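All chains, please: the whole structure from these sequences, using the hints.
Protein chains: 2
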Amino acid sequence: MFAPNGSLTGSIFYNPVKLIFGKDSTSKIGEEIASRGFKRVIITMGGASALKNGSYQQSIDSLKANNVEVVAELRDIRANPEVNKVREGVKLARENQAEAILAIGGGSVIDSSKALSLGAFFDGDVWDVPRATPPVSKRLPIFTVLTISATASEMNNGYVLQDDEKQLKVAYMHPDNFPTVSCIDPSFQTGLPWFQTVNGVVDAMVHTLELYAGADGSEETALQLDEGLLRSLVNCGHGLQKDPENYNLRANVAWAATLALNGYSGFSLRGGSWLVHMIEHALSAIDPAVAHGAGLGVLMPAVIEYLATKIGKKEVYDRWAKNVYGVDGYKAGMEAWVKDLKTWGHPTTMGELGFKKEQIPHIAKLVCDVGCPHGFTPEDVAAVIELAF
Amino acid sequence: MFAPNGSLTGSIFYNPVKLIFGKDSTSKIGEEIASRGFKRVIITMGGASALKNGSYQQSIDSLKANNVEVVAELRDIRANPEVNKVREGVKLARENQAEAILAIGGGSVIDSSKALSLGAFFDGDVWDVPRATPPVSKRLPIFTVLTISATASEMNNGYVLQDDEKQLKVAYMHPDNFPTVSCIDPSFQTGLPWFQTVNGVVDAMVHTLELYAGADGSEETALQLDEGLLRSLVNCGHGLQKDPENYNLRANVAWAATLALNGYSGFSLRGGSWLVHMIEHALSAIDPAVAHGAGLGVLMPAVIEYLATKIGKKEVYDRWAKNVYGVDGYKAGMEAWVKDLKTWGHPTTMGELGFKKEQIPHIAKLVCDVGCPHGFTPEDVAAVIELAF
Ligand SMILES: [Fe+2]
Ligand SMILES: [Fe+2]
Chain Z
369 MFAPNGSLTG
379 SIFYNPVKLI
389 FGKDSTSKIG
399 EEIASRGFKR
409 VIITMGGASA
419 LKNGSYQQSI
429 DSLKANNVEV
439 VAELRDIRAN
449 PEVNKVREGV
459 KLARENQAEA
469 ILAIGGGSVI
479 DSSKALSLGA
489 FFDGDVWDVP
499 RATPPVSKRL
509 PIFTVLTISA
519 TASEMNNGYV
529 LQDDEKQLKV
539 AYMHPDNFPT
549 VSCIDPSFQT
559 GLPWFQTVNG
569 VVDAMVHTLE
579 LYAGADGSEE
589 TALQLDEGLL
599 RSLVNCGHGL
609 QKDPENYNLR
619 ANVAWAATLA
629 LNGYSGFSLR
639 GGSWLVHMIE
649 HALSAIDPAV
659 AHGAGLGVLM
669 PAVIEYLATK
679 IGKKEVYDRW
689 AKNVYGVDGY
699 KAGMEAWVKD
709 LKTWGHPTTM
719 GELGFKKEQI
729 PHIAKLVCDV
739 GCPHGFTPED
749 VAAVIELAF
Chain U
369 MFAPNGSLTG
379 SIFYNPVKLI
389 FGKDSTSKIG
399 EEIASRGFKR
409 VIITMGGASA
419 LKNGSYQQSI
429 DSLKANNVEV
439 VAELRDIRAN
449 PEVNKVREGV
459 KLARENQAEA
469 ILAIGGGSVI
479 DSSKALSLGA
489 FFDGDVWDVP
499 RATPPVSKRL
509 PIFTVLTISA
519 TASEMNNGYV
529 LQDDEKQLKV
539 AYMHPDNFPT
549 VSCIDPSFQT
559 GLPWFQTVNG
569 VVDAMVHTLE
579 LYAGADGSEE
589 TALQLDEGLL
599 RSLVNCGHGL
609 QKDPENYNLR
619 ANVAWAATLA
629 LNGYSGFSLR
639 GGSWLVHMIE
649 HALSAIDPAV
659 AHGAGLGVLM
669 PAVIEYLATK
679 IGKKEVYDRW
689 AKNVYGVDGY
699 KAGMEAWVKD
709 LKTWGHPTTM
719 GELGFKKEQI
729 PHIAKLVCDV
739 GCPHGFTPED
749 VAAVIELAF
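Chains as they are written, first to last, in the working numbering: chain Z, 369 to 757; chain U, 369 to 757.
It is possible that some hints are incorrect.
The list treats identical chains as interchangeable, and a pair is accepted whether it falls inside one copy or across any two copies.
[Unchecked claim] With a straight-line cut-off of 20 angstroms between C-alpha atoms, the simulated SDA-like cross-links for lysine to any residue are:
| # | residue 1 | residue 2 |
| --- | --- | --- |
| 1 | K391 | S586 |
| 2 | K396 | T377 |
| 3 | K396 | I380 |
| 4 | K396 | Y382 |
In case anyone wonders, no lab produced these hints; they're calculated from the structure. This structure is a prediction, so every number in the text was calculated from the model and none was measured.
What follows is the structure in structure tokens.
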């Protein structure tokens, strides 16, 4: 998901997103929208943070200066976004003849906007968009103003959406559903609470590691780049713990998080593993209060243990341990992982996330309902989850 | 050149090139051209190598299968391409109403094609395209089949062209002049002569290092990525010396060379330095037989010495030495550089390139006629060149 499923013998790379990065980059968004001929936008956003950090007002000012009208607003998109909110957005966009979407927020706002983009022209319920054949061909162009770096949704063509009632969280990658322009102003992030900062850093690290898991060791360039991304995220994570308002550290995390899932980090790595994400999606489908990054961080070492011992990835993770942490063997790498998470005040066990061992079979079933990767059985998945307790 | 001139506080990233990478990727080129509505292409190419390695025949087969007509061929584009050949191409493309260009070759073929692309619609001599205001707005779409990895021209919007008579070699970056689709089949490169392989590896390393020179040390993500690219190029360079037909090593070099100058390696690095390239351009303007990578490799340590001592880049190059070669201090890094070049049978002095000390003032003048970077005087440039003897 969100990565070319290629190898050194066959990969396609294509990412047409225009990034405007840096201080006050949001001031350009109105011109980017207007110059492409769009006059009527629907704004999508989360809760109060876009109002507090200035991203909303800067966006509005830029739209006004370029005579772009806000015809509707879809507010209060939550973390782990839910399909009902997107249904609301589809209705709003249609009723108000929106010509484009301006997403102001983090991954959940942008993911919801991508579903909305396709749903607006889909003759059916937006939940069924991923199963449309052929894929939905018409879409509302998406512009984004990023306020939390983590998912890289600002520079890829995927989204994740859940249905609380069905306890289902599903990822979908549409070939053309890239944002047209994304503005990344790291200064919006200097005031982020620490736990959100860490969750973003961990999400980006896990994206890199899920992709890294697709290696057989011959992909020297991809592996070197991914180890570089991981070192930068670790270094900047430690830096931000001491100095959370440091603009440069925020900017380095932002760029690394975008690169972690915009196609570059996964190039030639066979699409990666994604087992960590699949299990985490089940956790937040059961309890939407579980932060995505929190679940991922807890599960990562358990997955490494399992991939190293059951699907032959020991050498790959030994290399990771050596090149990212300077330690010998994947087990020492896992220890370094847990140590950093503890230093950062991040949970490291399923118990800390509020889960009980009795729930393991149910979680494993939810994972395999969506699809067990690596030919795993629900029992294999259950064994991974058990390791994380 | 070829890189966003941005920093962590303000950068734009945009690269819409679609890459088709891997074995037999060339077989897709006809469909990529035809599906965009183009029926008449002009082929651009170098000498016999495209005929020998199969890239020409595969391209022709793919065009035929998709009913795309070859209306003209511009053959024998040399290394360090010259403007007269492009003038020929402009004439051919116009006379035959070419709708697109298919470049089959390495950087010089693709660079010439980019000049041709703009020249075909420019009301004046193609040599003057870089000085057109506003920039030339109409262009022939470019498709490429890459046969030598080095310049990254297959995935950027720049070209370098020279005028032998004027002894001028000029780089130009047009905002929209990206190839539409590039096919990279590393198997075309498994039979490359060793000196061409090394020149490509060194060119990619120097691109990364020119960009790296723009750092002030705060750009953790960019620096980690660039160090990763450099390590991969060094490792794969050594690997290819022992095993030149190894497909995976060729593929890793190919991907690293593309990344070295497609905008990623330079993101946030203020456009880099480009002093090495500017001096090398003067060398090959004087003697077109000097291979681009050969000149760069010789000049690199002299430039590092000068940037470290005269423009405050000591810490940056100390970091490079440590993270790429595991040695202390930039001087030890320069020694590692020279040692690798000697191992690879690459020249390491200006004398080996055929230059004499008496030519230093003339070379320095040519450099500064195009434009001295870093506020250097011709005397500073002369001092750098002297160090390379
Ligand atoms: Fe994620
Ligand atoms: Fe070069």
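We went through each hint and held it up to the structure:
Within a single copy, K391 and S586 get their C-alpha atoms only as close as 39 angstroms, which misses the 20 angstroms cut-off; across copies the closest is 16 angstroms, which meets it. Within a single copy, K396 and T377 get their C-alpha atoms only as close as 40 angstroms, which misses the 20 angstroms cut-off; across copies the closest is 14 angstroms, which meets it. In this homomeric assembly, K396 and I380 come within 20 angstroms of each other (Cα to Cα) only across copies, at 11 angstroms, whereas the closest approach inside a single copy is 31 angstroms. For the identical chains of this complex, K396 and Y382 are inter-copy neighbours only, at 15 angstroms across copies versus 24 angstroms inside a copy, given an alpha-carbon limit of 20 angstroms.
Figure legend: structure checked against the earlier numbered hints; every hint is met.
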